[in-house]
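Chains Y and P are the protein sequences, given in the same order. So the first sequence is residues 1 to 391, counted in our numbering. So the second sequence is residues 1 to 180, counted in our numbering.
It should be emphasised that the hints constitute simulated quantities derived from the structure, not laboratory data. Every residue gets a Cβ at the ideal spot worked out from N, C-alpha and C, and that includes glycine. A hint or two may mislead.
To be verified - Mimicking DMTMM-like on lysine to aspartate or glutamate, the simulated pairs with C-alpha atoms at most 20 angstroms apart in a straight line are:
| hint | chain 1 | residue 1 | chain 2 | residue 2 |
| --- | --- | --- | --- | --- |
| 1 | Y | 177 | Y | 213 |
| 2 | P | 169 | Y | 13 |
| 3 | Y | 48 | P | 66 |
| 4 | P | 169 | Y | 315 |
| 5 | P | 169 | Y | 213 |
| 6 | P | 169 | Y | 183 |
| 7 | Y | 231 | Y | 315 |
| 8 | Y | 231 | Y | 183 |
To be verified - Reference excerpt, derived from the structure (chain P facing chain Y, CB under 10 angstroms, subset only):
| hint | residue |
| --- | --- |
| 9 | 26 |
| 10 | 30 |
| 11 | 39 |
| 12 | 63 |
| 13 | 87 |
| 14 | 90 |
| 15 | 94 |
| 16 | 117 |
| 17 | 140 |
| 18 | 161 |
| 19 | 164 |
| 20 | 172 |
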Amino acid sequence: MSAADWSELDGYEALVSELRANPPVAPERLRARVLEGAPAPRRQRSRKRRLALVVVPAAVVLAVGAALVHGFVSTGSHERASSLAPTLHTNEHLLGPVKRAPGAASTTPEAASAHKGAVPGWNAATQAPSGKKYLLDQSAAVASGSNVYAPVTHGRAVAIPKNRLVHAVASLQVGVKSSNLSDKTNEASQIVGSFGGYAQSVRYQASRRGQGEAILALRVPVQNAQKAIAKLGGLGTLLSQQVSTQDLQAKLSQQNSGIGSLRRAIAVYENALQSTTLSATERVAIQIKLNNARHALARLRHARNGTLASGATADISLLLTTRNHAIVPAHHGGSTRIGRLLGSAAHFLALEGIIVLYAVIVLAPVLLLGGLAWWILRERRRRDERLLASA
Amino acid sequence: MKAVNALPAAVRPPGRVAAPSFADVVAEHLDAVYRYLVYLTGDRVAAEDLAAETFERAFRSWRRFDPRRGAPRTWLCRIAHSAAVDWFRAEARRQRREESYSRDDALLEESVFSEGLSPELDRALRRLTPAEREVVALRVLLELDGPSAARVLGISGTACSTRLSRALKRLEEEMSDVRS
Chain Y
1 MSAADWSELD
11 GYEALVSELR
21 ANPPVAPERL
31 RARVLEGAPA
41 PRRQRSRKRR
51 LALVVVPAAV
61 VLAVGAALVH
71 GFVSTGSHER
81 ASSLAPTLHT
91 NEHLLGPVKR
101 APGAASTTPE
111 AASAHKGAVP
121 GWNAATQAPS
131 GKKYLLDQSA
141 AVASGSNVYA
151 PVTHGRAVAI
161 PKNRLVHAVA
171 SLQVGVKSSN
181 LSDKTNEASQ
191 IVGSFGGYAQ
201 SVRYQASRRG
211 QGEAILALRV
221 PVQNAQKAIA
231 KLGGLGTLLS
241 QQVSTQDLQA
251 KLSQQNSGIG
261 SLRRAIAVYE
271 NALQSTTLSA
281 TERVAIQIKL
291 NNARHALARL
301 RHARNGTLAS
311 GATADISLLL
321 TTRNHAIVPA
331 HHGGSTRIGR
341 LLGSAAHFLA
351 LEGIIVLYAV
361 IVLAPVLLLG
371 GLAWWILRER
381 RRRDERLLAS
391 A
Chain P
1 MKAVNALPAA
11 VRPPGRVAAP
21 SFADVVAEHL
31 DAVYRYLVYL
41 TGDRVAAEDL
51 AAETFERAFR
61 SWRRFDPRRG
71 APRTWLCRIA
81 HSAAVDWFRA
91 EARRQRREES
101 YSRDDALLEE
111 SVFSEGLSPE
121 LDRALRRLTP
131 AEREVVALRV
141 LLELDGPSAA
151 RVLGISGTAC
161 STRLSRALKR
171 LEEEMSDVRS
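So that you can see chain P by itself, here it is in the shape it has in the complex (with noise of 0.2 angstroms):
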């Protein structure tokens, strides 16, 4: 593995816009990343292997990346949703095959999200769809605008918006059952 070898913005030459490097981008995203794929898969040991995917294909496909063509962080999410959507299917031929749900028990027991959520928040957030929660994820936590989210979610800005709100929506009223 090669070692990082950054170069600080202080050192870089005045006057020239230096390419961001590979381990800018990883300080800059990785927690956006990773916030992403654990409200996405709902698991955050998936979320961990898959943030390391996501980069681990970001950094082969890295000499390809054009900055001018897209930020850093929609780029980033777009790979995350595949190596998401992958794991989905892989995690759904398992569970037929093994015919187990015994994830699903686990996540009730423990905060998945994140430790500061409100229990009602933590569990209205695990009876939301994956699909549901992804875009929760894209709009409110890593604040992406409504065309960049629809771009990593590969639907129109309408649909992405729909989307939204229903979620939203359903997270309310999840909470207001949990309340209840």
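Next up, chain Y with everything else stripped away, as it sits in the complex (with noise of 0.2 angstroms):
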């Protein structure tokens, strides 16, 4: 305090000094009523605060740095399977990994060349004798940062295994003018009608101006499917195909043998009743067994043919569309290495999200139920409070 602070009281020095000679003193009672709700020190407080304050942007940076760390190690192992087969673009994170078969199409360049009927630059993958699912894809190349994908070069069609009962099943997206859409729909039609097969179902979708899409689902035999594919391919602008097969002929040859055994002991049943040794009870038995096992075949005959019938026919799904891209599903992020780990560490972030946003809806109801019964508990404290002062 400055002397001409004190320069004021100059001249009431007595009074000053009696004045403060007898300050009133608090009561007891005061000193207790407001030490009573004196809270804890501050630095408990402020240790709570700065903790909170290091773990949240601690938990958010390690969040952060794991879809990081996920980004970087899945375009890293992208990357290696790139490098060992640039031509592989297929839609593994939507059907799982796709599976070589051996002899069949290549992953890589020269090999799919070398294979009867691939064209380059197909994602290829077809049949094994296992049954197993595969997938021809070709995809035109990936546009840089966009998922627009542009027109693909022309080449021969898909090789089809002949010598080997499959199911085909091929889908195809078809860029064409938009005056010639009806025109080529019809065309669509015709090629597969020339092929032996029909149209299941046609969903056209156009603007005065022509401008829409056409929406096919056609079934040919599948001897023609490849030639069908190809004619359909040229009605226009190829813009993507996939074409998949399932191999059939293990569980053709399963269902024959099975037949095969089925007749035979439908054989023996029969030698058997007629048989005079037999008891009666015998006789019923074998009767039973006879009749189960000509359900069986029955049964079975009827698999069989949906199985031939399954791989008579190749289903073709066909756009036809005025736009000239497609839209694929996206790979991850760009094209570019940083593109795609920040796809990926994004995707990741997304998923950490959607667990927290899970974790919120399942808690809240508990968090709710919580705060609520301790704001009722607290309410009725100071109501108590309230009448006790008010007593």
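Got two chains here, each in a separate frame; can you build the complex from them with the hints?
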């Protein structure tokens, strides 16, 4: 305090000293009353806050770091896979890992070219004797930084094995001019008809100017599927093409084998029933077995017919569109390494967010009820205190 | 209510300037706040209630209090001033409603400010306005410096100085009147 401050009191020394000598003193009951409501020391509170200030950013940094590491690792493995198989751009994240049959379509351009009917640049995989499903995917090169696929180079059609029973499913996206959409739709039906197939369904949507798309579900005999796919692809600009085949040969062999066994069993039962030495009980038992075998045979024959029918035709899904690009499932981010890394990291972060959101949703009712109970208890206590204070 | 959990200064880690606990602040400044309110209101019972209310308000805003921005005493006095202003308003309304001035009569019968004060000084203090008693309390009893007292009162330093000198002058005049 400066001297100037005290100069104001000059001349009133006696008064000031008397006032200062006899100050009012707070009664003890007031001290107790005030201290009753005193909070804990500030340091403890600030320590909690400091802890929260450290923990929360640390958790955020950890989550982002984990996402980046995941992105780095996943793009690293992607790059390695790409270096081994530069043309492989299958939709593995949707369909699972693609297996390559030995001697069938290969993953390298050289092997793909060597394979009969394979088109270089196609993401090819085909059926294996084990009956597993494989994918033949001809997608155009990914336009950098976008999910727009440029038109693919026309080539020969994908080979569909002819020496084995397979179920083939193909999906084509063909870009056509808006003035040609209806004509090309009709032409597609005619092409399929010329190969002994038919259009299962046709859905045509177009504006007045002819812009729009036609979706055709087609069926053609499997032996003509390859040619039909090639011809359908030639209706316009082939934007994307996907062919998958499923080997049915093993299934058919199994069914044939089962039918043979049942036939033999039926013959045995019929011979046995002709025997005169059988007791009535044995005869009944054999008769039951015979009936069961005949039913099983009928079922198996029906199933085999279904297998044969499935292998006889190929399902072709054709999209004729006036757009000049095909929308395809997005790959990881952009085409660059950083783009893929960021995309993968973002995907991982989204996953973390989903987990956190899920936890919040699950815990929210519990927290809400807990908070409500705490609030009710606090209000009750305060009401009691008010009652006591006013009493 | 939470129990007081003040860390004694002796056991605080050396080299660390710990912020005072609320209990420390209460222990150190309760008397000052009470004195200020007694002088301001001229009513011990009301001063007691207002002191309790002041510390309750301080308790609520204790987390926001930053000792670097001002002394705890000044901060508490400002809260007390605000509480007292509210009390004066309520009291004025009550008196208008009841048209009762019995409190003033009661004040004349017993010592309000301190038992040790001379009756003349006590009576003279009663004759001052609350504003005059307030500045006397802040500058004389609580020994706040000019700027701090002005901050509590919400007036300029010059106005505070003027008010103090007038209050002291009037106090002396009133004492003379009482003696004569």
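Notebook entry, point to check: Can residue 87 of chain P be said to touch chain Y, with a Cβ gap under 10 angstroms?
Noted result: At about 16 angstroms, which exceeds the 10 angstroms cut-off, the nearest Cβ of chain Y leaves the hint on residue 87 of chain P violated.
Checklist line | Hinted contact residue 117 of chain P with chain Y - closest CB pair below 10 angstroms | finding: Since chain Y brings a Cβ to about 5 angstroms from residue 117 of chain P, closer than 10 angstroms, the hint holds.
Item checked: Residue hint residue 140 of chain P, partner chain Y, criterion CB-CB below 10 angstroms -> With Cβ-Cβ at 5 angstroms, under 10 angstroms, it holds.
Next item on the list: Mind checking the alpha carbons of residue 169 of chain P and residue 13 of chain Y for me, to see if they're no more than 20 angstroms apart?
Entry: holds, 12 angstroms
Item checked: Status of the hint placing residue 39 of chain P at chain Y (closest C-beta pair under 10 angstroms) -> At 8 angstroms from the nearest chain Y Cβ, residue 39 of chain P passes the 10 angstroms test, so the hint holds.
Notebook entry, point to check: Can the hint on residue 26 of chain P be confirmed by a CB-to-CB distance to chain Y that is less than 10 angstroms?
Noted result: Since chain Y brings a Cβ to about 5 angstroms from residue 26 of chain P, closer than 10 angstroms, the hint holds.
Checklist line | When the least beta-carbon distance from residue 63 of chain P to chain Y is tested against 10 angstroms, hint result | finding: holds, 7 angstroms
Next item on the list: Please work out if residue 169 of chain P and residue 213 of chain Y have their alpha carbons no farther apart than 20 angstroms.
Entry: violated, 100 angstroms
Notebook entry, point to check: When the nearest CB of chain Y is found for residue 164 of chain P, is that gap smaller than 10 angstroms?
Noted result: holds, 6 angstroms
Check: Do the alpha carbons of residue 231 of chain Y and residue 315 of chain Y lie within 20 angstroms of each other, as the hint requires?
Finding: Holds: residue 231 of chain Y and residue 315 of chain Y sit about 15 angstroms apart, inside 20 angstroms.
Check: Is residue 231 of chain Y close enough to residue 183 of chain Y, meaning Cα to Cα at most 20 angstroms?
Finding: holds, 15 angstroms
Item checked: chain Y contact restraint for residue 172 of chain P - C-beta distance below 10 angstroms -> holds, 7 angstroms
Comparing the model with each earlier hint shows violations of hints 4, 5, 6, 13, 14, 15; every other hint is respected.
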